[in-house]
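J.: Sequence:
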Amino acid sequence: MAVYTNLPVYEECYQLFLHFTQLSMKMQRDYRYSLGEDVKKLLMAVILDIYKANYKKDAAGLESVTDAKDRMVELQVILRLLNEVKQIPDRHYMMLTERTVSISKQLVGWEKAMIKSKR
Numbered sequence: 001m002a003v004y005t006n007l008p009v010y011e012e013c014y015q016l017f018l019h020f021t022q023l024s025m026k027m028q029r030d031y032r033y034s035l036g037e038d039v040k041k042l043l044m045a046v047i048l049d050i051y052k053a054n055y056k057k058d059a060a061g062l063e064s065v066t067d068a069k070d071r072m073v074e075l076q077v078i079l080r081l082l083n084e085v086k087q088i089p090d091r092h093y094m095m096l097t098e099r100t101v102s103i104s105k106q107l108v109g110w111e112k113a114m115i116k117s118k119r
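Per my numbering, residue 1 is the first one in the sequence shown, and the count goes up by one each step.
A couple of the hints might just be wrong.
[What the hints assert, rightly or not] Label-pair restraints from in silico Cβ distances: (1) Ala59 / Thr21: 28 to 34 Å; (2) Met25 / Lys116: 25 to 31 Å; (3) Tyr33 / Ser117: 41 to 47 Å.
These are computed hints drawn from the structure, not numbers from a lab. Source: prediction; values computed, not measured. Cβ coordinates follow ideal geometry from the N, Cα and C atoms, glycine included.
Could you build all of it, start to finish, from the sequences and the hints given here?
T.: The structure is reproduced here in structure tokens:
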């Protein structure tokens with residue numbers, strides 16, 4: 001079992017969390033403490049799901065990967081909203097979107113591998 005902190009999906013999610021945390025400091029207060037906090041909580045939940053999926057190799061691990069994928073979709077919607085209300089500049093939004101897509105792809109691949117190994 002690999003150490004979860006060495007997983008590329010974990011590292012990319014952690015870097016996304018760091019970048020968003022720095023970016024959220026420049027948001028208007030009402031957005032920072034509502035949608036900004038929602039984004040941080042979602043990212044922390046995804047990081048925890050990655051840990052659980054790496055630790056558990058059975059159905060619970062697969063469920064954790066699925067939960068992380070669902071949270072990434074929710075995250076993408078909130079980030080889009082923050083961009084549309086001018087709380088995230090376009091260049092940062094593009095970088096955040098690229099990272100969320102990359103994380104989502106890695107999670108889909110992980111999910112497929114877990115399903116295939118169960119057969």
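J.: Against the structure, test the hints numbered earlier, and report the numbers of the ones violated in rising order.
T.: 2
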